[in-house]
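Enquirer: The lines below spell out each chain.
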Amino acid sequence: MTNPLPLPFPAWRTLSQWHENQRLIDFVATTPGQIALWSVCLLLLYPGEYLPLLPLMILASRLPGQRFPILSLGGGTLFLWKRFQEMHFTAPLWIVADTLCIVGILWLFFQVARNYTALPKWLRNSPQIVLHALLWLCLAAIPFFPSGFRHDPDSSLYLHFSFCLSIFSFLIWRIGMMLYAGKRGQLKNARFVDHLSYTLPYLGSTQVPFGKGLDYLNSKQAKQVLDLAKSQLAGLKLLLLAMLWQVLLPLMDRLTFSVANHDHAAIRSLLPQLYHIDLLTTLPVNQLPPLSILWSSLFVDMIYETTQLAITGHLIVGCLRLFGFNIFRNTYRPLLTQSLVDFWNQYYYYFKELLVDFFFFPAYLSLFKNNLKLRIFTATMASACLGNFYYHLLQHFDIYIARGVHLTFEKFASYLFYSVILGFGIFYSMLKTQQRRTLPAPVYTPRMAYLVALRNIAGVWLFFSLLRIWDHPSSHFLQDTRFFFTLFGISF
Amino acid sequence: MMNNHRDRIVTFLKTVLRPSASLDQLQDHDNLVQTGYIDSLAMLEIVAFLESEFAVDFSESGVNPVDLESVDAMLALLARHQAASASH
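In order, the protein sequence lines correspond to chains S and C. Under this note's numbering, the first residue of the first sequence is numbered 2, with each subsequent residue one higher. Under this note's numbering, the first residue of the second sequence is numbered 4, with each subsequent residue one higher.
Derived by calculation from the structure, the hints in this document are not laboratory data. Any given hint might turn out to be false.
[As the list claims (entries may be wrong)] Which residues of chain S face chain C? A few of them, derived with a C-beta cut under 8 Å, are:
hint, residue
1, Lys184
2, Asn346
3, Leu366
4, Leu373
5, Ile377
6, Gln435
7, Arg437
Glycine residues also receive a C-beta, built at the ideal position from the N, C-alpha and C atoms.
Bound-form chain C, shown alone:
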């Protein structure tokens, strides 16, 4: 399940990369903004992507940029979101 999520996230990230960046060397724990893969505008598109693709409702908890800073952080966010949905 998480592998599938990871692939979908990485596929999406390819569409919002800085023109000069490539995901070839990306590690899942790499900070995407700090290492220059994406700009802050892309963060907004990631929020819209997580809302539409995984039905994450940020209006409940707000957006914590720490949750979007790496692929690992996004996967952890999705895991928390799924756990919360399952418990309701």
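One chain only, chain S, in its complex shape:
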């Protein structure tokens, strides 16, 4: 990825890219350098949730050939331990049974992927559809279980069945990655334990596989000592950035959202007070603040939310880099991008990659091959719209297990609308980018070039901050739409 804006000061680039300094890389490759690196990492990770990974990272740096098994067994154990703690599971027998069930599910899919060519044709043609159909079939089978099964939360069988099923739904995209590897014939000599490195992920609490599958991780794996030092420094940089944002975010919260948070009356009088979108959309029209505050809130809330996402992504990718996988950043300066498609690419990279792998390319490869525009349109809508919506539908799988599937217009209409507009926006942006590439680059004076860049950035901010009105925790379609019109002075 490149810098979206031309950097005026080469010295700034040298400073911001300190992790690529060859002398520093050489130092980190030495034993004193490693001691210094891990000491800094200890300070940065303490007392966060990724601290338990530190011994594993150090072990992986000493035994680079065993990087995958270390991440698999260590990370996998921590993943399961964390889940058991969240569920307050303490009975050793049930913990063993659940572990066997989850690892068993992964092992079964590993065998399916490894013997891909021997599978029946219908399964080889649509493995991902069959995988997801299987998940929904498990859900559909629940009403046929003994009476009262779903409604008896004290039943151990119910509790552990629903736990394993929700973990299956959590891991479904990662299992999909494994099936893709099988489809490409990459599993013939593969070890199951290596595939646990991404299918049992301690890093990351969402269904999005950061670092994708084994193939991608392998391609980004440090092969030499100096590559490892480079990857570790790149990881350290992300941990430092995450820490910086972690310090700045509460500050921003206090300065700009203090009314919403009911604190700091003294600061309140100095700065205009803003509101998070989820609060604004729920307020009656007569209680809304002036338009200038509404618009400012819209933009600042987007910056706030992007920073939150950047912290999460930096910590996860930073740790993976410290393990020796020099993978792409999850969030890379999205607020400086000049097109919608670049923002989408750099805002939440691994979610975008999930949609590309599971929705975009399958649609792109099978539909409208003779018409590039139509091909791109269909694939974009399949990913940014359909795939995006389905991913979010699947996120509530634990609720479906507990209460059954109740798809209501109020619950999903907002996100459906969000997905449709996003799909059209990205397609339009892709067309514009394609057109721009075929034209000679316009010649601007440096000042003009900056003004054009700022205009483009403002356009991206406007689109995504308006779109966020239909994507927040208290989303309700009519309420959100009413708020949108209020921004233009139209109230009803």
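With chain S held as given, fit chain C onto it using these hints.
Expert: Coordinates of chain C only, in the frame set by chain S:
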């Protein structure tokens, strides 16, 4: 044969470069997206190019972005594709 393939790939890449990029300094192992030569949209055009120019059938194996990230990776993909075609 591979030199010919390389030339055809590089000639095509010139048509999908970012406006600010030039292939003068391109090394065959350079990651095209990471180093800023192309954007993700260009990847789609590379897929369409490999399908039409070299008859690569991605519908069998799916698209693995790792196979498209550098000139070397694309050449390796073509070599695998040719080997698979020859064995059938």
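Enquirer: Classify the hint on Ile377 of chain S as holds or violated, based on whether any CB of chain C lies nearer than 8 Å to its CB.
Expert: 6 Å, holds
Enquirer: For the restraint on Leu373 of chain S, tell me whether the closest CB of chain C is nearer than 8 Å.
Expert: Interface hint status for Leu373 of chain S: holds (6 Å vs cutoff 8 Å).
Enquirer: Against chain C, with CB atoms and a cut of 8 Å, does the hint on Leu366 of chain S hold up?
Expert: The hint holds - Leu366 of chain S has a Cβ within 8 Å of chain C, the shortest such distance being about 5 Å.
Enquirer: Is the hint on Gln435 of chain S kept, meaning its closest Cβ partner in chain C is under 8 Å away?
Expert: Check passed: Cβ of Gln435 of chain S comes within 6 Å of chain C, closer than 8 Å.
Enquirer: Given Arg437 of chain S as an interface hint, is the shortest Cβ-Cβ distance to chain C below 8 Å?
Expert: 7 Å, holds
Enquirer: So, Asn346 of chain S near chain C? Judge it on the closest CB pair being under 8 Å.
Expert: 5 Å, holds
Enquirer: Holds or violated: is the Cβ of Lys184 of chain S closer than 8 Å to a Cβ in chain C?
Expert: Holds, about 6 Å.
The structure agrees with every numbered hint stated previously.
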